[in-house]
Amino acid sequence: MSETATTSLLDIRGLTVRFGGLVAINALDLHISEGEIFALVGPNGAGKTTALNCISGLIKPSAGSIQFAGQELLTQPAYKRAALGIGRTFQHVQLFTSMSVLDNVLTAQHAQLRAGILTGILPFGPSKREDARARAHARETLALLGLTQYAEQPAGTLPFGVQKLVGVARALVLRPRLVLLDEPAAGVPPPEMDELAHKLRAWRDEIGTALLLIEHNMPLVQAVSDRVCVLDYGSKLAEGEPQTVLSDPAVLEAYLGRAASQQMTGQTPTQEVSHAEN
Amino acid sequence: MASKHAREQELASLDSVQPGESRASLLQRLSTWRIGLAGLVGIILVALLPTIYDQIFGFSSGFELHNSVTMIAILAIAALAQNVLTGTAAQPSLGNAAFFGVSAYILTWLVSDLNQPFWVGIIVAVLASAALGIIVGGPALRISGAHLAIATLGLVVIAGALLNLWDTTAGRQNYDLSNIPDFLTDDHALYYFVAAILVIVIFLVYHLLRARVGRAWIALRDDETAAEAFGINLTKYKVQAFVISAALTGLAGALWATWATTASSSMSSLDQTIAFLTMIIVGGLGSISGSILGAIFVGFLPILLGQLPSPLALGSVQLQVSTLTTGVYGLLLLLALIFFPSGLSSLGGIGSNLVRRVNKRGGTQ
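In the order they appear, the protein sequences are chains C and S.
This note's numbering puts the first residue of the first sequence at 1, with every later residue one more than the last.
This note's numbering puts the first residue of the second sequence at 1, with every later residue one more than the last.
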């Protein structure tokens, strides 16, 4: 990972978000390298999802800058960011529920297709050729995630675990340079956690994308991430290698509060966190 | 690579996976065939209808079916227009009746007053409606939901009042469309003309809804936030839906004026708006077949009510049947929303589900 250390893919500087009087994020600096797996952790309300929404453009920050591959993101409307190479999943999946799984993944390629009304209205021509390519591409991505058998099913009727994978397929289909994953482990039973960690790394290797994930499950964070940043009340509490950061007493206190201090001697605190969140 | 977890979950949720898969793809291919076949049968039926009708009832019967079917085909175009905007792109605009009326007046003005060729009139009316769609749609989409509905309803009332004012200042009772090309003055020819346009419109809308634009509309209906995160420019696609809808409604309005040989300010009215809404809600939101079923329903209802004796005596109350229509539409609108919100088009789906279930049961035994 010597080359990834030198090139910064995402540069967040002085990011501040205020909702009325509430400071959700306070002068946050984050740097994510090409191909890195970076975990954003912290208690509920720490501003993790807010930070993600700033990157994908759903929230306009009050101050700061976000540079992605050398381009300023904050001057770009949200809908242009997918074309720049940013994919994302949502905490509550948010699939296009009335569409089939295949159409979900097809729709996620919107930014890379060109057909408008005049070409789209015809049953032949460039629109259909473009669609055929996109369809093949969608099927490849579904195969990568083991979703081929669900391709024609309506997305809204699938079990939650499958819907989450469809959400990932949507995020990966454009082969983005950065994928934002909002709680990929939520709802995944603990025995599957090793497999999820393995899969996250496999997706990263396959697509060559950087992953920025928000996660409450500490064993997963420890297993998968190259670096971790802990947020608390919108400020950065600690950042670095997962082993060092997650054993930092200040982090443990912020995360677990008083309740955990009694249990510190018993189970490992990291497991405790995941139970608290589930 | 395929997650064991997902497979297990699927095994738990669906009882037969492997045979189901091949059957599903077969069913899919069959249903594509079925759509094509239904379309073909529909076209042949539509083409033969006047001939069959004349064979049975003779050329000069009182109840002129093909005349009504022409009207229904025009309504179906308007229903498709409203359904693209409201059912697919989820914009609850009630303003389409304004385009319907204005387009009819533009056509009549161009052809009757300015002596322009009929075809020029139709094309200008459609383009003017599309342009109005942009002018109205842009600002209208800054508001959403009920606010959009009320604002666009206001547009309909204002347009209707202005058209009425124009009639009054010009001192005319009816704004008659003269100079229609000779062959369209024949009921049968007009019927074929309108039916051909409807078939083309259905064909184009069907493809548009399955293309990138249609997927973008459905995406913003299902989840605006996710749609935007995946690169869909919400404003652009909402305005596009508005424009397509306005242009199609304009086409329907111009054809209506041709069919009725007159333009009337009542085309841009509350009643017309309710008729449009009834078509797509009773027919089925976001469904092409629903638009057509809804148009058949709304088109035939006044004819059926017309069979009742008028005035209708209910005890001591005397009812003028023609005033009943909008009331009945409203009532059916409510009933449809409560009892079958997916509309008439879903009844076909329920039927085929039943057939599939029966088949499946037969297959497993």
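Simulated from the structure, these hints should not be mistaken for laboratory data.
For glycine and all other residues, C-beta sits at the position ideal for the given N, C-alpha and C.
Please note: incorrect hints may appear among the correct ones.
[Unchecked claim] In silico lysine-lysine, DSS-like type, Cα no more than 25 Å apart, as pairs:
{"hint": "1", "chain 1": "C", "residue 1": "60", "chain 2": "C", "residue 2": "80"}
{"hint": "2", "chain 1": "C", "residue 1": "236", "chain 2": "S", "residue 2": "236"}
{"hint": "3", "chain 1": "C", "residue 1": "236", "chain 2": "C", "residue 2": "60"}
{"hint": "4", "chain 1": "S", "residue 1": "236", "chain 2": "C", "residue 2": "60"}
{"hint": "5", "chain 1": "S", "residue 1": "236", "chain 2": "C", "residue 2": "80"}
{"hint": "6", "chain 1": "C", "residue 1": "80", "chain 2": "C", "residue 2": "128"}
[Unchecked claim] Reference listing, derived: stretches of chain C covered by chain S, where coverage requires no fewer than 3 residues with Cβ under 8 Å from a Cβ of chain S:
{"hint": "7", "region": "30-36"}
{"hint": "8", "region": "96-102"}
{"hint": "9", "region": "243-252"}
Checked against the structure, which of the hints given earlier come out wrong? 2, 7, 9
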